[in-house]
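**Q** Note that the protein sequences, when read in sequence, are chains A and B.
Reminder that position 369 of the first sequence reads as 368 in numbering that gives the first Met the number 0, one-by-one numbering, no gaps.
Reminder that position 110 of the second sequence reads as 109 in numbering that gives the first Met the number 0, one-by-one numbering, no gaps.
No lab work stands behind these hints, which were simulated from the structure alone.
The structure presented is a predicted model; accordingly, all values stated were derived computationally and were not measured.
Be careful, since some hints might not be right.
For chains that are exact copies, the list does not tell them apart, and a pair is met inside one copy or across any two.
Unchecked claim - In silico BS3-like cross-links for lysine-lysine, where the CA-CA straight-line distance does not exceed 27 angstroms:
hint, residue 1, residue 2
1, K141, K28
2, K362, K24
3, K396, K360
4, K90, K333
5, K24, K360
6, K396, K342
7, K368, K396
8, K362, K396
9, K67, K105
10, K166, K254
11, K90, K67
12, K105, K90
13, K90, K24
Protein chains: 2
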Amino acid sequence: MELISGGICAAKGFKANGIHCGIRKNRTKKDLALIVSDVPASAAAVYTTNLVKGAPLLLNMRNLSDGKAQAVICNSGNANTCNANGIQIAKEMCVLVAEATGINEKDVVVASTGVIGQPLDITPIAEGMEELKMGLSYEGSKDAAEAIMTTDTIAKEVAVEFVIDGKTCRMGGIAKGSGMIHPNMATMLVFITTDCAISPEMLQKALSADIKNTFNMVSVDGDTSTNDMVTVLANGMAGNAEITEENEDFAVFMKALNTLTVNLCRMIAGDGEGATKLLECIATGADDEETAKICAKSVICSSLLKSAMFGADANWGRVLCAIGYSGARVDVTKIDVSFRSSKGTICVCENGAGVPFSEEKAKEILLEKEIEILISLGDGKYSASAWGCDLTYDYVKINGDYRT
Amino acid sequence: MELISGGICAAKGFKANGIHCGIRKNRTKKDLALIVSDVPASAAAVYTTNLVKGAPLLLNMRNLSDGKAQAVICNSGNANTCNANGIQIAKEMCVLVAEATGINEKDVVVASTGVIGQPLDITPIAEGMEELKMGLSYEGSKDAAEAIMTTDTIAKEVAVEFVIDGKTCRMGGIAKGSGMIHPNMATMLVFITTDCAISPEMLQKALSADIKNTFNMVSVDGDTSTNDMVTVLANGMAGNAEITEENEDFAVFMKALNTLTVNLCRMIAGDGEGATKLLECIATGADDEETAKICAKSVICSSLLKSAMFGADANWGRVLCAIGYSGARVDVTKIDVSFRSSKGTICVCENGAGVPFSEEKAKEILLEKEIEILISLGDGKYSASAWGCDLTYDYVKINGDYRT
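Produce the entire structure from the sequences given, and follow the hints as far as they go.
**A** Shown next, in the form of structure tokens:
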């Protein structure tokens, strides 16, 4: 298992491209991405649990029911959500890809991200399709990653290499995160490709299991988006024997997937809207996994703790407070809290009460860009991680006038 | 039922005072409040559901079990929470009041608010007790209201006058709110006094019922404090026949209490940390009360919607998004959304989809200081209100370095 450079084109047989077609007014920002597999692929997806779902998701739920797909089209700048003609527009996007590539329209995954409730004009997409298709290449991952960004400040790509059945397989992903991030059974927009051969059923099983410990443990602002979706396409071009059951190969695949998704989670959290710091809360010593998860996520979601981290203030009372209202059943008198970064570790609370510590050292630790909040809940053997970011002036600035 | 000027001294037989005793370094900020009834009073209280509870609350739960109290002592600047000696210090505060006033220490309600996890020194409280007691007066409400403030920018007092059993009764309250406000079965610190005669059981019944529609529907930042508490003292000095059952008098009492608490809710939300606007979300047309409440509160809690309101941006998609992830079962295609202020009302969404509207007019409406977000969920007959505030740069500033 090895992290390699690249993104969705790291795996064999995947081309991608990203262009500016005109959905966004700003011509320097790409707004339309296309990913195409050379051959039909197994496909799996998870979707937001928000009752208000973007039109593209509603269409994908239908089209992906056969576990097959060969292309992904995604625009930024408009979420195509809460529009009377939303489904129709999403369908037209699939038809345009089908016409340009010869792929069946039902094998096209469609996604949109951006402002909610403004009709999405199909015209620029139709007019840009030729350019988008002509530019498809095995080096196009970065262009696609850029085209799906909204308020993201960096394009997010990760890739891993692993061996299954004696064959070298690769898996890569791109993501857009930034705001409205508080996934619940799904998340932001993440597109993953792999050349590993795996059946649609096992692919879905792998994805559904993985997100519980990865994307569902990320929060930027506590708002679960209407358009969250994670999709994986597996085209089998690595030549391994298809994974069809929970065997050793499946375990390797799961590990590769987890390596990829944890890295994407960290990138998404660290590039949260306005963020200056990546926060990871690691809860250990819990009596069960759910308790560890609930505590870690509650801490990472606290606006007060997030503000304190922005100010590099070791205000650990807010950590205890967030555990206290999380709903988890814990013994408060057993909780220890430490802060850790590349500058060291400092213990600030033992057995639910404060311990003397050097404010100077705490400041030095908390001024770093990546902070770990370590909470020990007791003697249990379960642990969990959650990822988030600090709450800053820029979050407010970005969201105070997002539409204009 | 009439709003009158004053606070906790509006009712007969209640004296109050607030001083700077030295818990806070800043000498211009009062930090110790005392409220005393001339005679023993029925008492009721509700507490935070945070598993981490301030030591004063743990002591009150014991002392108020007989439904009787005669005094309230409250300090700001330190929450006396997560300290090994917390209960002992809270008890000493009650003993100091008992010694100074002759009231039984178990009839003293104790409260603390401020930073969590720093030991509370009893010395300044002991040294200030004589001054605090000597200054008690029937005009001391404002001083007490100031002494319980943390990051609040205005002292919060409300009073009402009503008639029960032919007798004029009065009820008044003071509150501290500002940050860590997301009450759940209890809230911030609120002290209410009345001269109406009512049994402890009926007083508790009235309070427990009222908070569900008032303090539990307020959110500033989604963080449920460890030290939330609402206490009512009713000393019976108005001379009415004691309310001991759910009769017409009880209904009048409930209405008086609700008038008082709704006003305090609005003051707390409008003075939320960093707030520039009071937001009220009114959900109507729900099939049941719970649905209306869940939707209203989810909207008021959305960081994205709060940021949009700060920017006077009519980004109604975020309203639908927040309803969608609230967990309430609603038909999205029946939701209408409007924004209202003293400058008028503008409809921005009908049947779950956007309608054309004047951005100029919307801006004019949203630039006001008090904004109503009206959501109609369908044809049901239930409704609910929730109160909150916008998310601003100053929230981040205040909480980025709260301890120093």
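**Q** Please work out whether the CA atoms of K90 and K333 approach to 27 angstroms or closer within one copy, between two copies, in both situations, or in neither?
**A** between (55 angstroms within a copy, 24 angstroms between copies)
**Q** How do K396 and K360 come out at 27 angstroms by Cα distance, when the copy is not named: within, between, both, or neither?
**A** Between copies, since 22 angstroms is at most 27 angstroms while 31 angstroms is not.
**Q** Should K67 paired with K105 be assigned to within, between, both, or neither, using CA atoms and 27 angstroms as the limit?
**A** Classified as within: same-chain Cα gap 9 angstroms, cross-chain 71 angstroms, threshold 27 angstroms.
**Q** Classify it for me, K105 with K90: is the Cα-Cα distance of at most 27 angstroms met within a copy, between copies, both or neither?
**A** For K105 and K90, only the intra-copy Cα distance (9 angstroms) is at most 27 angstroms; the inter-copy one is 70 angstroms.
**Q** From the Cα coordinates, with 27 angstroms as the cut-off, is the pair K90 and K67 best called within, between, both, or neither?
**A** Result: close within a single copy only, 17 angstroms intra versus 68 angstroms inter.
**Q** Could you figure out if K141 and K28 sit no more than 27 angstroms apart (CA to CA) within one copy, between two copies, both or neither?
**A** Answer is within: at 13 angstroms inside a copy they meet the 27 angstroms cutoff, but 56 angstroms across does not.
**Q** I want to check one pair: K90 and K24. Are their C-alpha atoms no more than 27 angstroms apart within a copy, between two copies, both, or neither?
**A** within (24 angstroms within a copy, 65 angstroms between copies)
**Q** Are the CA atoms of K368 and K396 at most 27 angstroms apart within a copy, between copies, both, or neither?
**A** both (21 angstroms within a copy, 19 angstroms between copies)
**Q** Pop the pair K396 and K342 into one bin, within, between, both or neither, using alpha-carbon distances up to 27 angstroms.
**A** between (30 angstroms within a copy, 25 angstroms between copies)
**Q** Tell me, please, which holds for K166 and K254 at an alpha-carbon limit of 27 angstroms: within, between, both or neither?
**A** within (16 angstroms within a copy, 75 angstroms between copies)
**Q** Using 27 angstroms as the alpha-carbon threshold, which applies to K362 and K24: within, between, both, or neither?
**A** Classified as between; 22 angstroms across copies, 43 angstroms inside a copy.
**Q** Within, between, both or neither: how does the pair K362, K396 come out at a Cα-Cα threshold of 27 angstroms?
**A** Both: 26 angstroms inside a copy, 17 angstroms across copies.
Consistency note: the structure conflicts with none of the earlier hints.
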